[in-house]
Amino acid sequence: MNRKVIVALDMSSREEALQLLEQLRDLAGMFKVGGQLFMSAGPGIIQEIIGKGGNVFLDLKFHDIPNTVTQAAVEAAKLGVSMMTVHAAGGRVMMETVAKELAQNFGDRRPQVVAVTVLTSLDTRALFEMGLEHPLDEQVQKLALLAQQSGIDGVV
4 MNRKVIVALD MSSREEALQL LEQLRDLAGM FKVGGQLFMS AGPGIIQEII GKGGNVFLDL
64 KFHDIPNTVT QAAVEAAKLG VSMMTVHAAG GRVMMETVAK ELAQNFGDRR PQVVAVTVLT
124 SLDTRALFEM GLEHPLDEQV QKLALLAQQS GIDGVV
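Under my numbering, the first residue of the sequence shown carries the number 4, and numbering increases by one thereafter.
For the record, the hints were derived by calculation from the structure and aren't laboratory data.
The reader is advised that the hints may include incorrect statements.
[Unchecked claim] In silico lysine-lysine, DSS-like type, Cα no more than 25 Å apart, as pairs:
| # | residue 1 | residue 2 |
| --- | --- | --- |
| 1 | K145 | K81 |
| 2 | K103 | K81 |
| 3 | K55 | K103 |
| 4 | K103 | K145 |
| 5 | K103 | K64 |
| 6 | K35 | K7 |
| 7 | K35 | K81 |
| 8 | K145 | K64 |
| 9 | K81 | K55 |
| 10 | K64 | K81 |
| 11 | K81 | K7 |
| 12 | K35 | K55 |
| 13 | K145 | K55 |
| 14 | K64 | K35 |
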């Protein structure tokens, strides 16, 4: 069976997360670990999920200078995540550096990298308030194209 469902473990409780993993492991392709669970349970939650047969989508939306994001992505890959997010607003160099470093160091075992274009909580007004000149749909398209050109695997 090709399991395309990603289950969000959007909770603070390690125990609740592992219980949901046990219930849905055979149906889900991946389990998303975001900031809430990662901060409450620590990086060990990733190894626990993998140890119980789950694949991890690490959704921490890395966004910083290229070297910092690249090193964070490498550490995430060492933990064994299958997928992770970066912010496309970090720019071409940041995304290219991450993509190249993961390919070079992990080859076929590298995790997929997905770029977040614009947070779903933002609208055109919020973008203008932040000094961005384009309406929401145009900004999403611009960042999605930039991510594609930078070697990123997909966009959100």
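Hints versus structure:
Restraint check for K145 and K81: the C-alpha separation of about 31 Å exceeds 25 Å, so the hint is violated. Of the supplied pair hints, the one linking K103 and K81 holds, its CA atoms being roughly 16 Å apart against a limit of 25 Å. A hinted pair counts as satisfied when its Cα atoms are at most 25 Å apart, and K55 with K103 does not qualify at roughly 30 Å. Between K103 and K145 the CA atoms are separated by roughly 21 Å; this keeps the pair inside 25 Å, and the hint holds.
Restraint check for K103 and K64: satisfied, since their Cα atoms lie roughly 18 Å apart, inside the 25 Å limit. For the hint pairing K35 with K7, the CA-to-CA distance comes to about 13 Å; that is within 25 Å, so the pair holds. Distance restraint check for K35 and K81: the Cα-Cα separation of roughly 17 Å lies within the 25 Å cut-off, and the hinted pair is therefore satisfied. Note on K145 and K64: the hinted pairing holds, with a Cα-Cα distance of about 18 Å set against a maximum of 25 Å.
For the hint linking K81 to K55, the alpha-carbon distance of about 17 Å falls within 25 Å, and the restraint holds. Our distance criterion of 25 Å between C-alpha atoms is met by K64 and K81, whose separation comes to about 17 Å. Using a Cα cut-off of 25 Å, the hinted pair K81 and K7 holds, with the two alpha carbons roughly 24 Å apart. Straight-line distance between C-alpha atoms of K35 and K55 comes to about 14 Å, which keeps the hinted pair within the 25 Å bound.
For the hint pairing K145 with K55, the CA-to-CA distance comes to about 39 Å; that exceeds 25 Å, so the pair is violated. A distance of roughly 12 Å separates the Cα atoms of K64 and K35; the hinted pair therefore holds under the 25 Å criterion.
Hints 1, 3 and 13, counting from the list given before, are not met by this structure.
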